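Student: Now for the letters of each chain:
Protein chains: 2
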Amino acid sequence: MTHSDIDELIRLFSKLPGLGPRSARRVVLTLMRRKEQLMIPLAGTLARALESVRSCSICGNLDTHDPCGICTDARREGTTICVVEDLADLWAIERCNLYRGRYHVLGGTLSAMDDRGPSQLNIEPLIARAAKEEVKEIILATNATIEGQTTAHYLTTRLEGCHVSISRLAQGIPMGGELDYLDDGTLGAALKLRLPF
Amino acid sequence: MTHSDIDELIRLFSKLPGLGPRSARRVVLTLMRRKEQLMIPLAGTLARALESVRSCSICGNLDTHDPCGICTDARREGTTICVVEDLADLWAIERCNLYRGRYHVLGGTLSAMDDRGPSQLNIEPLIARAAKEEVKEIILATNATIEGQTTAHYLTTRLEGCHVSISRLAQGIPMGGELDYLDDGTLGAALKLRLPF
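Residue numbers (numbering that gives the first Met the number 0), protein chains in the order written: chain D, 0 to 196; chain Y, 0 to 196.
Chain D on its own, in the form it takes in the complex (with noise of 0.2 Å):
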């Protein structure tokens, strides 16, 4: 059989995320049967998104200009920054519709274990930008692990020597969350850290 462009479509889709062999199989058939709405629509807009996509020189973020449309937004204030470990990160947080400041995307986390040191991240523009006079607010919005706190420990002792105040997300039971369904470590957080009422 000499179906090799096939083959390789299957191979490529296995190594997504969330993807194996047998389910890039099934994608790869759903394509060659929904070729006109699927097929074509997605080889077009990876082919477009490869030529116009690149990183924001500011920030780290993902847009077709640079720097990027969060950075060019003269309604965003440039007053706060808020750092997150990650591209995703800052979609989560620009889903909320909440933030107006701007972002930094570190690019992950420190990790003793995957031996990922300061140089690997994107923490040099970060202090730099945290220099500047404009910059008020600093928030680290790492995630609330242990690579995640131990990367925001660091940043706060690298960011001492510029003058913003420093945050964190707050900790407590997520919406809709039961007591008796949550780990120590959050209820124990949420106690700790409780407010008046």
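Simulated from the structure, these hints should not be mistaken for laboratory data.
Wrong hints could be hidden among the right ones.
As the list claims (entries may be wrong) - Here are the simulated EDC-like pairs of lysine to aspartate or glutamate, each with C-alpha atoms no more than 20 Å apart in a straight line: (1) Y/K34 with D/E7; (2) D/K135 with D/E76; (3) D/K131 with D/D72; (4) D/K34 with Y/D85; (5) Y/K14 with D/E35; (6) D/K34 with Y/E50.
As the list claims (entries may be wrong) - Covered stretches of chain Y (in silico footprint by chain D; criterion: 3 or more residues with CB under 8 Å from a CB of chain D, positions within the stretch not fixed): (7) 10-22; (8) 37-43; (9) 49-57; (10) 86-100.
Since the structure is predicted, the reported quantities are computational estimates derived from the model, not experimental observations.
Even for Gly, the Cβ is constructed at its ideal location relative to N, Cα and C.
Given the coordinates of chain D, work out where chain Y should sit on it, guided by the hints.
Tutor: For chain Y alone, coordinates are given in the frame of chain D:
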């Protein structure tokens, strides 16, 4: 934000089987992060496959040429045609590396529920193929579902005029199957169709 290509990519990926909006976002992020190893090859292969892959006019298989590699492979026996519902089933049978005949892809099953009659399936070409002298055996490898078996039954009546022997896949306990965990239907069939030891 104006990263419409990214949004469009996510929307398209989320329509693929097994992917939702959330996993589609993860897929697109992975593609962006691993541009060289994943995104560029995927975009290229998709475009190539779109150009080159077509449906075989004989059997309905997908390949880069028509007739497909299986239909034109002289080492495969033209005496046997294995009838499958779907391309995925053809691939499954090819993977077990046992069958050396040719195929016929129906493109689905008869279904009263989904209002799918014989005219919507690739049946007439099968009858024409079966009428050819060289064809000796038709294996009805439809799924062991009600629709699959109904379709197989319908095909046996349609193939009555052709002088071919008609067979179907064996039913029984699957490899490694434990009796205690099998459904009654499978166990019943395995008992009824028991083989001499």
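Student: Checking against the hints above, which ones are violated?
Tutor: Violated hints: none; all satisfied.
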